[in-house]
Each structure stands twice: as structure tokens, then as C-alpha cells.
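A.B. asks: Whenever a hint applies, use it, and build me the whole structure from the sequences.
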Amino acid sequence: MGYPSVERRRVLAAAALGRESGIPGPDPGDGEPINAVAGEILDVSPHLIIIETPDGTEERLVIAPWAKAWHGGDTPPADLPVGSMVMMRTLRDGRVVERIWADTTRITGAILSISGRKDLTVELDCGPHRGHRSVVIPYRATGRLQVRHPKFEPGYLFDAIGIRRDGAGLALLPATSQPPYPARAVPDPPPAYAGLQPRISGTATWSDTFDEEERGAAYPMLERVDTGCPDVGASCAGLPYLALGSLLQIRNVCSNRSANVPVVACGCMAGRFCDRCVECDTSPRGRIAELSPFSYVELGGDLVKGCFNAQIGLG
Amino acid sequence: MTRVLESQLPILVVLLVLGTVAKVSTVRSGGEPGALARLGPAVLVPGHMQGPALLFCAAGELVLAAGLLLSTHTIFRWGTLAFFTMSTYVLLELRRRRPDAGCGCFGEVSSAPVGLRSIGRTALLAGMAALSLWAPVTGWEAATRPSWLMAAGVIALLALSPEIEEMIDRVRYRAPCEQRRGPAESVTLARLRESGSWRAHRDELTSAEPYDSWRELCWRFFAFRNHEQDDVVFAVYLSGRRPAVRRAVVSVEDSGSLPEYTPVSASR
Chain R
1 MGYPSVERRR VLAAAALGRE SGIPGPDPGD GEPINAVAGE ILDVSPHLII IETPDGTEER
61 LVIAPWAKAW HGGDTPPADL PVGSMVMMRT LRDGRVVERI WADTTRITGA ILSISGRKDL
121 TVELDCGPHR GHRSVVIPYR ATGRLQVRHP KFEPGYLFDA IGIRRDGAGL ALLPATSQPP
181 YPARAVPDPP PAYAGLQPRI SGTATWSDTF DEEERGAAYP MLERVDTGCP DVGASCAGLP
241 YLALGSLLQI RNVCSNRSAN VPVVACGCMA GRFCDRCVEC DTSPRGRIAE LSPFSYVELG
301 GDLVKGCFNA QIGLG
Chain A
316 MTRVLESQLP ILVVLLVLGT VAKVSTVRSG GEPGALARLG PAVLVPGHMQ GPALLFCAAG
376 ELVLAAGLLL STHTIFRWGT LAFFTMSTYV LLELRRRRPD AGCGCFGEVS SAPVGLRSIG
436 RTALLAGMAA LSLWAPVTGW EAATRPSWLM AAGVIALLAL SPEIEEMIDR VRYRAPCEQR
496 RGPAESVTLA RLRESGSWRA HRDELTSAEP YDSWRELCWR FFAFRNHEQD DVVFAVYLSG
556 RRPAVRRAVV SVEDSGSLPE YTPVSASR
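Here the protein sequences line up with chains R and A, keeping their order. 1 is the number of the first residue of the first sequence in the working numbering; add one for each residue after it. 316 is the number of the first residue of the second sequence in the working numbering; add one for each residue after it.
Watch out, some of these pointers could steer you wrong.
As the list claims (entries may be wrong) - Once the Cα atoms are required to be at most 25 angstroms apart in a straight line, the calculated SDA-like pairs of lysine to any residue come out as: (1) R:K151 / A:R411; (2) R:K151 / A:R413; (3) R:K305 / R:T121; (4) R:K151 / R:P187; (5) R:K151 / A:M364; (6) R:K151 / R:K305; (7) R:K68 / R:T53; (8) R:K151 / A:G366; (9) R:K305 / R:D208; (10) R:K151 / A:R412; (11) R:K151 / A:V360; (12) R:K68 / R:I41; (13) R:K151 / A:L359; (14) R:K151 / R:C126; (15) R:K151 / A:H363; (16) R:K151 / R:P189; (17) R:K305 / R:G31; (18) R:K305 / R:R165.
Claimed, not checked - Covered by chain R, according to a simulated footprint, are these stretches of chain A (three or more residues, beta-carbon under 8 angstroms): (19) 528–541; (20) 544–554.
Claimed, not checked - Quick list of the computed label-pair ranges, beta carbon to beta carbon: (21) A:P498 / R:G31: 38 to 48 angstroms; (22) A:G555 / R:I114: 49 to 59 angstroms; (23) A:R411 / R:R165: 47 to 57 angstroms.
Hints are computed from structural coordinates only; laboratory data are not their basis. Glycine is no exception: its CB is placed at the ideal position from the N, C-alpha and C atoms.
C.D. replies: Below, the structure is given as C-alpha cells:
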């Protein structure tokens with residue numbers, strides 16, 4: 001069965017159960033909204049950045065004096081190379097840039113093979129609908145990555161943040177502490193006592209496997225028959241079942257922002273990670289949502305940190 | 316005296332069969348290979364051997380149970396004694412080497428870490444097997460003549476079984492419906508078709524097959540088209556044999572408000 005109208009599911013479900021169908025987007029009561037802007041750098045100076053957005057328009061944005069940039073390491077914004085793809089956190093309706101991430105990518109998956117002597121090449125299984133991906137770990141980053149990935153061998157999970165260079169992914173920073181179990185042995189959620197919690201806490205991460213400018217989330221707890229995703233439905237966070245098209249209300253506990261984000265993909269890989277986020281406090285175990293970069297940035301997340309402590313409810 | 320010797324035979328047979336069934340079903344349901352990693356002596360063997368090791372153990376138990384039930388041959392009696400003695404040792408070893416692992420004696424129900432009670436139980440079973448060594452009759456004949464000693468054996472075993480508490484807990488603290496795996500889509504669809512709401516509105520639909528179906532929390536939704544090309548959506552509650560069914564009609568242009576909301580609830 002296809003999904004003729006995944007967005008329509010929300011309207012139909014709300015009508016059948018007589019509830020309000022929520023509206024995707026940030027919660028208006030959160031103070032000044034953050035906008036995420038992406039594009040390719042055409043020119044950059046210490047105070048101004050000119051980008052070409054994915055739909056082909058040219059945008060000129062002011063760089064705030066306190067703005068920081070990341071391109072494999074912290075750099076001044078003016079040093080970013082022309083032609084790199086940037087993701088920016090902006091204020092004032094997308095006019096003032098606060099934070100720039102250039103060519104940033106995230107590589108999440110289960111290790112299939114490791115080869116190489118100095119620079120390591122790791123082949124990863126990123127889930128049934130994302131396929132295999134190969135990533136290079138430069139020699140200078142191997143120690144830093146391996147110390148957070150003690151089981152650096154096939155069958156175990158891998159999660160790193162890095163940059164794209166010449167079409168290949170370069171892993172530079174560990175995005176989490178690797179869970180100690182094999183990728184397929186996800187621990188059971190803690191027993192649920194007396195009904196469902198109205199809000200569930202855990203960690204929210206991001207992934208760059210979404211469409212450009214898409215605002216959405218991958219959610220681990222979907223029915224397998226509804227999604228055609230054989231690996232979905234594992235999670236150690238005690239999540240309720242939802243469907244593609246459901247609206248999740250996600251709150252970033254660290255920055256105190258919340259937004260309604262639709263479920264647009266199955267989070268097979270996110271469900272296998274039973275890790276914590278220590279961004280502002282220690283979160284309970286389990287990834288409860290994997291956000292698209294746009295949603296993640298607009299909720300106040302930092303791409304390089306890799307996660308934020310989150311609470312979800314049904315939007 | 317012979318009554319005393321044979322009294323524990325049926326208990327041994329029943330326990331061996333239970334162990335076999337539980338182990339096989341654990342291996343079959345635990346489709347994820349690593350899921351066995353926290354269960355029983357299987358953790359002491361390498362990962363890919365864990366499933367076969369549990370199955371081998373189950374097969375051994377089944378052979379012993381059949382032998383005890385149907386014959387008086389001493390090989391089965393000694394085999395049972397050896398099996399339970401070995402189990403006691405393995406559990407002691409397991410407790411020492413992997414304090415986090417469950418005994419796996421009855422599959423995934425026995426996932427609580429090995430405690431003195433589990434060990435005491437295998438020791439008691441070994442004792443029962445030793446008592447039965449020279450019983451003159453088969454397990455089948457012994458089972459036809461129940462005695463107080465047999466009842467005492469059962470009570471002692473129940474007292475030593477941590478699984479009983481686990482099962483009571485599972486019944487008491489069942490995961491809420493939202494987190495349980497739901498019935499198959501076809502089962503829910505069949506339940507919808509048995510409902511009064513469906514019978515009342517069946518004729519409005521262009522097709523009896525839904526064009527979309529999805530599950531959210533404890534509801535499964537089926538979307539159909541009616542003759543005016545509006546969407547007709549049925550929501551079926553996932554638990555219960557005669558679940559609540561709700562229905563709404565949403566016109567195609569509409570995408571927000573609730574135009575013709577019909578609160579058809581709990582149709583019987």
C-alpha cells in the first residue's frame with residue numbers, strides 16, 4: 001500500500017477522533033524564532049555572506065559580530081571557502097546569521113567493515129532505505145573517534161560528525177558514546193507502569209538524509225506493515241506507535257523551544273541507539289526522534305554537538 | 316517405598332517439556348540474533364552459536380522427558396540426573412561470570428539475573444532425579460497415581476521459581492496499548508467489517524478495500540472514498556474483540572476543520 005496522502009492522514013485522523021489537527025511549525029510562544037537557512041556560499045566577508053539557496057535565489061545575510069562558524073573545526077566566518085554548502089542559524093526573519101556550519105554531515109549506521117592502516121575507511125549500513133555508506137576517518141581523528149567507539153568492529157554502531165569533501169564523508173568527531181551492544185541487540189524499554197506518560201523524554205538527534213529544506217523527523221516506533229520498513233519498531237525508550245504523517249510535538253529542553261514536526265520517515269537506525277544526550281543535563285536513554293537539519297537547527301540544536309535533550313508529545 | 320521413589324517422575328517430565336517449549340519459542344520469537352545475549356548459559360558461547368545452543372539444550376530436554384515418560388531404562392534416569400547436576404554447575408558458573416544474565420531455563424520469562432532460588436531449584440531437581448533413579452515404573456504410570464509427595468514437590472518448585480513473580484508482574488503491569496504491537500491489519504479490518512458503523516455506511520463507499528491504512532497510538536485508521544469522492548475514515552480501537560469504531564467524512568477540498576463529524580462511538 002502506497003502513501004497517497006501522508007499529510008492527509010493527520011486531517012483524517014483528527015476528524016475521526018474529533019480532535020484538533022495540529023499545525024506543523026514552531027510554537028509561537030518561544031520568543032524570537034530561529035530560522036534555518038541553507039545554501040552554497042557565493043561570497044563571504046567578515047560582515048556579510050552571500051549564498052545561493054537550493055531554489056536558485058541569491059541571498060545576502062549579515063553576519064552577527066558574535067557569529068561562529070564550523071568547518072571541520074571552529075573558524076572565523078570569513079575564512080569559509082567559497083562553494084561550500086552551509087547551514088545557518090539566523091535571527092530576524094533570516095537576515096542575521098548567528099552560527100554557520102559548512103559542509104557538515106553526520107554518519108550514522110552499523111559498521112560493516114573497516115579497512116586501511118592510517119586513514120581508516122569504514123563501510124556502514126545506514127538502514128534499509130538509506131543504504132550503505134562509506135566514510136573515511138583521517139588519521140588525526142582516529143584516536144578521538146575510537147575512544148568513544150570502544151567496540152570498533154563490524155556489527156556495532158557508529159555515529160560521527162564530519163565534513164563532506166569531494167563527495168566523500170570525512171568523520172571527525174564522535175557524535176555519541178557508542179552503545180556497548182551489537183547493532184541488532186537493542187535493549188528492551190523499561191517496563192511501563194500504569195498507562196502512558198503524556199510526555200516522553202530522551203535524546204533528539206539529526207541526520208542529513210532528509211530532502212533539502214524538509215522539516216520533519218524520523219521516528220523509530222512505526223508499524224512495520226504500514227511503512228514497508230522491516231527494521232523499524234525497535235527502541236529502548238518506551239515510545240508509543242505512530243504513523244508516517246503523525247505530528248510530533250518536540251521540545252528542546254536545553255533551549256526551551258518547541259515545535260510541531262511531522263513524522264516523515266522511519267527511524268530504524270535511531271531506534272537502535274540506546275544512548276543519552278548530555279547537552280544540558282543527562283537525558284533518559286533512547287533516541288526519540290531523528291530530525292532533519294532544518295527542524296533541528298530551528299529548535300535551537302547545534303549540529304556539531306549532535307543531540308539535544310528532548311521531550312515529545314503528540315502534536 | 317516405591318511410591319516415594321517414583322513420586323517425582325511426572326514433575327521432572329513436565330518441567331523438561333516446559334523448558335523445551337519455552338526455549339524453542341524464545342529462539343523462534345527472538346528474531347534479532349543478539350536478543351538472546353542476555354539469556355542463560357547461551358551467553359557463555361559465541362554470538363552466532365547462541366540460538367543453536369538453546370535449541371540443542373531444548374532437544375536434549377525433550378529426549379529425556381520422552382524417555383522418563385515412556386521407559387524405565389536407566390540411561391534416561393542417569394541422563395536426567397546428569398542434566399540437572401550440570402545445570403546447577405552451569406548456573407553457579409553463570410552467576411559468577413555473567414551476573415547480569417538470566418538463567419533462561421524457561422526462555423525469556425527467566426530473564427531476571429540468576430539468584431540463589433534458581434540455583435536452589437536446579438539442585439532440588441537434581442535431587443528429585445536422584446530419587447527417581449531406581450523407581451520401578453515409568454513416568455506415565457507414576458502420573459496416574461498422584462500422591463502427597465508429588466504435591467509437595469510441586470509446591471517446593473513453585474516456591475523456588477522466580478518466573479512466577481515475573482509472570483504476575485507482566486499481567487499486572489501490561490504495557491499500555493499504545494506501546495504494544497497491534498493485531499495484524501487484516502484482523503483489524505475484519506473487526507471493522509463486523510461493526511454496526513460499517514454495516515450502516517458500507518453502501519456509501521466506492522470500494523470495500525481501504526486506499527490507505529495506518530496506526531497511530533491505539534487506533535488503526537482506514538481511509539475509503541465515497542461516491543462523492545469525499546474521504547471516509549474509520550478509526551478502530553486496537554484492543555478488545557468488539558472494539559470501538561468511529562467514523563468521519565472529510566471532503567476532498569477540506570484540510571483542517573471538521574465538516575461532517577459523526578460521533579459514532581463504540582458501535583456494537
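A.B. asks: Now tell me, hint by hint, if it's right for this structure.
C.D. replies: Now the hints, each set against the structure:
1. R:K151 / A:R411: This hinted pair holds, its Cα atoms lying about 24 angstroms apart.
2. R:K151 / A:R413: 19 angstroms, holds
3. R:K305 / R:T121: With a Cα-Cα distance of about 23 angstroms, the restraint between K305 (chain R) and T121 (chain R) holds, given a limit of 25 angstroms.
4. R:K151 / R:P187: Answer holds: K151 (chain R) to P187 (chain R) is near 17 angstroms, not above 25 angstroms.
5. R:K151 / A:M364: At roughly 20 angstroms apart (the allowed maximum being 25 angstroms), M364 (chain A) and K151 (chain R) satisfy the hint.
6. R:K151 / R:K305: 22 angstroms, holds
7. R:K68 / R:T53: Status holds; Cα separation ~20 angstroms.
8. R:K151 / A:G366: Within the cut-off at roughly 23 angstroms; holds.
9. R:K305 / R:D208: Holds: K305 (chain R) and D208 (chain R) sit about 14 angstroms apart, inside 25 angstroms.
10. R:K151 / A:R412: Status holds; Cα separation ~20 angstroms.
11. R:K151 / A:V360: 19 angstroms, holds
12. R:K68 / R:I41: Distance ~16 angstroms between K68 (chain R) and I41 (chain R) Cα, so the pair holds.
13. R:K151 / A:L359: 19 angstroms, holds
14. R:K151 / R:C126: 18 angstroms, holds
15. R:K151 / A:H363: 17 angstroms, holds
16. R:K151 / R:P189: 23 angstroms, holds
17. R:K305 / R:G31: 23 angstroms, holds
18. R:K305 / R:R165: Holds, at roughly 20 angstroms.
19. 528–541: Since three or more residues must qualify, the claim that chain R covers the segment 528–541 of chain A holds, with 8 doing so at under 8 angstroms.
20. 544–554: holds (count 4)
21. A:P498 / R:G31: 38 to 48 angstroms: 45 angstroms, holds
22. A:G555 / R:I114: 49 to 59 angstroms: This hint holds: roughly 51 angstroms between Cβ atoms.
23. A:R411 / R:R165: 47 to 57 angstroms: 51 angstroms, holds
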